[in-house]
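**Q** Chain A is fixed; fit chain B onto it per the hints.
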Amino acid sequence: SQTIHQWPATLVQPVGSPLSLECTVEGTSNPNLYWYRQAAGRGLQLLFYSVGIGQISSEVPQNLSASRPQDRQFILSSKKLLLSDSGFYLCAWSDRGSNQPQHFGDGTRLSIL
Amino acid sequence: DQQVKQNSPSLSVQEGRISILNCDYTNSMFDYFLWYKKYPAEGPTFLISISSIKDKNEDGRFTVFLNKSAKHLSLHIVPSQPGDSAVYFCAASYSGGYQKVTFGTGTKLQVIP
Chain A
1 SQTIHQWPAT LVQPVGSPLS LECTVEGTSN PNLYWYRQAA GRGLQLLFYS VGIGQISSEV
61 PQNLSASRPQ DRQFILSSKK LLLSDSGFYL CAWSDRGSNQ PQHFGDGTRL SIL
Chain B
1001 DQQVKQNSPS LSVQEGRISI LNCDYTNSMF DYFLWYKKYP AEGPTFLISI SSIKDKNEDG
1061 RFTVFLNKSA KHLSLHIVPS QPGDSAVYFC AASYSGGYQK VTFGTGTKLQ VIP
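Which chain is which? The protein sequence lines are A and B, in order. Everything in the first sequence is counted per our numbering, starting at 1 for the first residue and increasing by one. Everything in the second sequence is counted per our numbering, starting at 1001 for the first residue and increasing by one.
Excised from the complex, chain A in its bound form (with noise of 0.2 angstroms):
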């Protein structure tokens, strides 16, 4: 079965300090890799999609950045963290072709002081 592993769970940083969250997946392949972050009291907001090794796409215009060195693996990334990265950050995977749910690591909670 596939499983999906998301760390860190908790993490505070200080303002201007650099940011990395790993994601890996197991159990398949080719997968596509998504991050999202929840605001507070907010839905779910796409920030970075993925269809293979080294393909991003950006879908909002911010501090962060995401690599994919290997298939399973997503990372997202920050040189110098604003206050305004807080929240709670999930990556997800899905299947290719049309019409599949995704799913969901446990997140992250950033807290930015």
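Worth double-checking, as some hints may not be accurate.
Said to hold, decoys possible - Ranges between beta-carbon positions, derived for each pair: (1) F1046/B to P14/A: 33 to 41 angstroms; (2) S98/A to E1058/B: 17 to 25 angstroms; (3) S98/A to K1056/B: 17 to 25 angstroms.
Unchecked claim - If you want a taste of the chain B side facing chain A, the calculated C-beta under 7 angstroms gives, among others: (4) L1034; (5) Y1039; (6) G1043; (7) P1044; (8) S1051; (9) D1055; (10) V1101; (11) T1105.
No wet-lab data here; the hints were simulated from the structure. Cβ coordinates follow ideal geometry from the N, Cα and C atoms, glycine included.
**A** Same frame as chain A, now just chain B:
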């Protein structure tokens, strides 16, 4: 522009009764709809989906109804159980290369024993 709307932020239901969660959408290109369940500090869990070629899909206690003309879908949970207490997200997507999903802001369901 909120393309997927869940106008009820919360709902309370007695155990054993029916829970009905509602969702409206504005983009007529959406052709695949999903419901997710989310517990605190966890990622959303896929519950059930429906394609626009259907108007009903059932899985155990969960049934999703789709009214395309009204751009409305609903999730029925019968009978409701205390373990169903969670935030429920409605989501929608349209056929494309990578399954971009638009989420609603969620409805918090409380099932009272």
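**Q** When the hints from earlier in the document are held up against this structure, which numbers fail?
**A** 5, 9
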